[in-house]
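Participant: Be aware that the sequence shown starts at 32, since it is given in the numbering used here, and climbs by one per residue.
The set of hints was computed from the structure by calculation and includes no laboratory data. There could be a bad hint or two in this list.
No farther apart than 25 Å at their CA atoms in a straight line, the calculated lysine-lysine pairs in the BS3-like style are these [what the hints assert, rightly or not]:
| no. | residue 1 | residue 2 |
| --- | --- | --- |
| 1 | 86 | 208 |
| 2 | 180 | 86 |
| 3 | 79 | 139 |
| 4 | 173 | 139 |
| 5 | 173 | 125 |
| 6 | 90 | 173 |
| 7 | 103 | 173 |
| 8 | 79 | 180 |
Simulated restraints, written as ranges between beta carbons of each label pair [said to hold, decoys possible]:
| no. | residue 1 | residue 2 | range |
| --- | --- | --- | --- |
| 9 | 142 | 179 | 19 to 25 Å |
| 10 | 214 | 279 | 51 to 57 Å |
| 11 | 142 | 200 | 43 to 49 Å |
| 12 | 200 | 169 | 43 to 49 Å |
| 13 | 222 | 250 | 53 to 59 Å |
| 14 | 314 | 241 | 21 to 27 Å |
We put the CB at the ideal spot given by N, CA and C, even for glycine.
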Amino acid sequence: MRLRRSLAVAVAVAVTTPVALFTAAPALAAGAPAAQTQNQPTYAELKKAAADAQKAYEKALAAKEQGQEKVKATLEALDSDTHPLKAATITADKAAEEAAAAETAAEKAVRDAEAAVEAAQGETEKAEAEKALETAEADLAKAVEAKEKADAAAEAARTALDDARVAAVREYSVLKKALDDALAAKEAAEEALGTAEECVRETGLTSLAVGLPAEVVAGTTVDFTLRVTNGTERTLTVDPLAFVHVDGERGGEKSRLAVEWSNGSGWHALNGDEPEHIAHIDTMAPGERSDVKLRVTVAPDAASADAFALFAADASSAYRPCVLGPMKRYDFELLPAGSDPGPVDDADPGQTGKDDDQRPATAGPGTTPQGGAAGQPVTTARTTPTTPTTRTAGTGTYGTTAATGGTLAQTGTSPALAPLGAASAVAVALGAGAVLAARRRMTADR
């Protein structure tokens, strides 16, 4: 069955074709392989189908309202004595009544003639009475025939009038049925689009920090790499999400950390108050990997403190405008200036918890910083580090590259992720601690 089809605005098409298109959308679950999605309607097709179904519904509604006025006017006209069909019925009914009266009179004449025959005296009088009876009986036969014809004409006139009424009502019923079908198609299209817009998780879309030490001394700078790998079976548009923060720091105050990322042509600072999307990757094929350089500089006067970094990959595909990779949390420790920690291991990645598809608010118009209002501290809790699992390319290596070539990702703003700033605020859990955040419902205007 060919599912990639658009809906025509015409009511007849709108109520017959969209069912297969709409009902296919729920199959687009997280992790669905390309082989299962290649015949599914794309998000753009579902969006167009919903728009077409809305137009078809509006057209059907207008047609039904016009039809309602038309049938009302038609029935009123048919009830008017001046309408040809109603006038014909009146004339035919009158003729039938006159024929019935003539038949009654003829029947009486026959009875009178029969009585005259019975009362006749002599042969001459009886012969005249019998002749009169024959004439009366002939007149009655004509009257009966005339009445039958008049009754048939009256019945035909009434049937024509009734048929006109039924035709008017039937025409309206067709329009009402078309409206009901158009409404059902519209609701199915909206449900399919809503299902496609729901965020789904892709465990194979990984974001791992490589080289982030578990301890950082005040006054020093550490470099590390954020490695994003598309271990799914679908081509994605990816926006890595990054947030590096000191526990307890309030939004808006000067941070003890200065965090920057590079795409190979300069360094770009993170604001430090809220997570941000960095290093937009327009097209990331299955198995591809992209590395983003980051560096963290700790203020010379920074005291001992706990810090953490959150990394994830937010993405979209042709089928889903909101695809979320698992979020990883890295806890590390700030040491006072002059400390000699000796050999330092890399910070272990841990998952933030079962709600890691609830992304913290990202920088941009309309977003709310973590911790709620400005000046309120951001609070998190450490989690037990876990060993990450990553999907590998078909070669058996960590990941191969094609368009990105394993080099630094290119910058830009994803049109699929542009509406993220309009998310509503909700409370979600990151690890064992509560973080006030906003769930980002990613919608695509591709």
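Participant: Confirm or reject each hint.
Facilitator: Going through the hints against the structure:
1. As the CA atoms of residue 86 and residue 208 are separated by approximately 16 Å, the hinted pair is consistent with the 25 Å bound.
2. Taking the CA atoms of residue 180 and residue 86, the gap is near 54 Å; set against the 25 Å cutoff, the hint is violated.
3. With a C-alpha separation of about 80 Å, the suggested pair residue 79 and residue 139 falls outside the 25 Å cut-off, and the hint is violated.
4. With a C-alpha separation of about 14 Å, the suggested pairing of residue 173 with residue 139 holds against the 25 Å cut-off.
5. For a cut-off of 25 Å, the pair hint linking residue 173 to residue 125 stands: about 18 Å separates their Cα positions.
6. Straight-line distance between C-alpha atoms of residue 90 and residue 173 comes to about 59 Å, which puts the hinted pair past the 25 Å bound.
7. Only pairs whose Cα atoms come within 25 Å are accepted, and residue 103 paired with residue 173 is rejected, the gap being roughly 43 Å.
8. This hinted pair does not check out: residue 79 and residue 180 have alpha carbons roughly 62 Å apart, beyond 25 Å.
9. Roughly 21 Å separates the CB atoms of residue 142 and residue 179, a value that falls within the hinted 19 to 25 Å.
10. For residue 214 and residue 279, the hinted distance range of 51 to 57 Å is satisfied, since their beta carbons lie about 54 Å from each other.
11. A hinted range of 43 to 49 Å for the beta carbons of residue 142 and residue 200 is consistent with their spacing of about 48 Å.
12. Under the hint 43 to 49 Å, the C-beta atoms of residue 200 and residue 169, about 47 Å apart, fit the expected range.
13. Checking the proposed 53 to 59 Å range against residue 222 and residue 250 shows it holds: the Cβ atoms sit about 57 Å from each other.
14. Between residue 314 and residue 241 the C-beta distance comes to about 23 Å, which sits within the given range of 21 to 27 Å.
Hints 2, 3, 6, 7, 8, counting from the list given before, are not met by this structure.
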